[in-house]
Amino acid sequence: MQPTRGYKRHQGYQRYLNNAIRLRDNLIPELTYNANDLIQIFPGEVYCRFRHYGMLCAYSSKFSSESALRNHYRRAHKVEVKDRKPGRNDAEKEAELLRWYDDIGQGLVPEFSPRKPQHRGATPPDMIPIPNLDEAFANVSAARRATQAAEDAMAEAQRSVVAAGINRDTVVAMYGYTTTDAAAVEDYEGNGSDDDNDENAAEDGEMLVFAEDEHAMDGVATNSVDTDAYAVAADAAANAAAKGQRLTQRLALIRQEANHADRVRAAAEAALVEGSDDETPAAAPPAPRFPDGRIRRWEMRLATGLLFQEKCVVCLRSGRDCPPLEWVEDCAAWMRYSGRDSV
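All letters in the sequence shown, in the order written, are residues 4 to 346 by the working numbering.
Calculated from the structure, these hints are not laboratory results. Do not rely on the hints blindly, as some may be mistaken.
[Unchecked claim] The calculated DSS-like cross-link candidates involving lysine-lysine, where the alpha carbons are at most 30 Å apart (straight line), are:
no. : residue 1 : residue 2
1   : K11       : K81
2   : K314      : K81
3   : K65       : K81
4   : K88       : K11
[As the list claims (entries may be wrong)] Between beta-carbon pairs, the in silico distance windows are:
no. : residue 1 : residue 2 : range
5   : A79       : N39       : 18 to 26 Å
6   : A152      : I24       : 39 to 47 Å
7   : K88       : R292      : 53 to 61 Å
8   : L101      : A79       : 28 to 36 Å
9   : L319      : G57       : 23 to 31 Å
10  : L250      : G308      : 32 to 40 Å
11  : D155      : I24       : 40 to 48 Å
Keep in mind that this is a model prediction, so the values were computed, not measured. Backbone N, C-alpha and C define an ideal beta-carbon position, used for all residues, glycine too.
Generate the whole structure from the sequences, applying the supplied hints.
Take a look at the structure:
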């Protein structure tokens, strides 16, 4: 039996295949990256293990081959996969594969699987904590909520105006009316510039004088006045005025919330390190780095919300790497970290 085919006949690998459906999310190990930000996959893998903000890839079906899985990583997730050397696996590599697939099938997620024999048995490195994005984006979230509330209030106001106009036009079309006060008509239609529209709106019923000519209604006596319709029109105008006043108060509260969000953002920008040349916020954590001092670019991009191999707008326009090796104030990936530890 060839060594390269031994693990595929193992019962652990058969449990991993799981009838062409990926196992539960908590059984799937996380991807590992090397120093060049290349992901490392094991021979025989046929399921995607890419996670974005802790969520596993939605494609849970089995890929036809390892090559198809590599293409999926490159095209769907924009990440590069480390190439494997051609040829057969040695005995140590074969034993490592058997242990890896056994751990997955038994629910023992192998978070640390060193590939080199001289590193086996070493203590797993400490995980670098991800910055608290809720605190970093607090002002952005508040501004987004205020904007959404303002848009909802504007839409509600427009619906109220349309409904009031429909009620008025219905009364006019059914009963007809005339008025001797042009200013009252202007206030009733909402086109006046006075601030007393809300007070006049409650008296709109007095502005309706039903016509008594032969063209007022067809087939109905012209000298009859429908008092019920008269009352309905007055109530509709009063309700529209009250609703408009409530919406005005709501918009004022929304503006106060937006102004508060602006003040919070301004205070955060003003809380700078005194005497520091880089002018970074005092609470900014140091950038994640490898033991040799190089920054972990993929972790910084992930914390910023960028996909792998993506760049922020400023770095894309300037044609530089994102994030740069040294701290810069205009890079989105560096904004969450301090530049005091730059080397």
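Hints, one by one, checked against the model:
1. K11 to K81: 29 Å, holds
2. K314 to K81: 12 Å, holds
3. K65 to K81: 20 Å, holds
4. K88 to K11: Between K88 and K11 the Cα gap is close to 19 Å, so the pair holds against 30 Å.
5. A79 to N39: 18 to 26 Å: Hint holds: Cβ distance 20 Å, inside 18 to 26 Å.
6. A152 to I24: 39 to 47 Å: Taking Cβ atoms as reference, A152 and I24 lie about 43 Å apart, which means the hint holds.
7. K88 to R292: 53 to 61 Å: 29 Å, violated
8. L101 to A79: 28 to 36 Å: 29 Å, holds
9. L319 to G57: 23 to 31 Å: Holds - the Cβ-Cβ distance for L319 and G57, about 27 Å, lies within 23 to 31 Å.
10. L250 to G308: 32 to 40 Å: Holds - the Cβ-Cβ distance for L250 and G308, about 35 Å, lies within 32 to 40 Å.
11. D155 to I24: 40 to 48 Å: 42 Å, holds
Checked against the numbered hints listed earlier, the structure breaks hint 7 alone; every other hint is satisfied.
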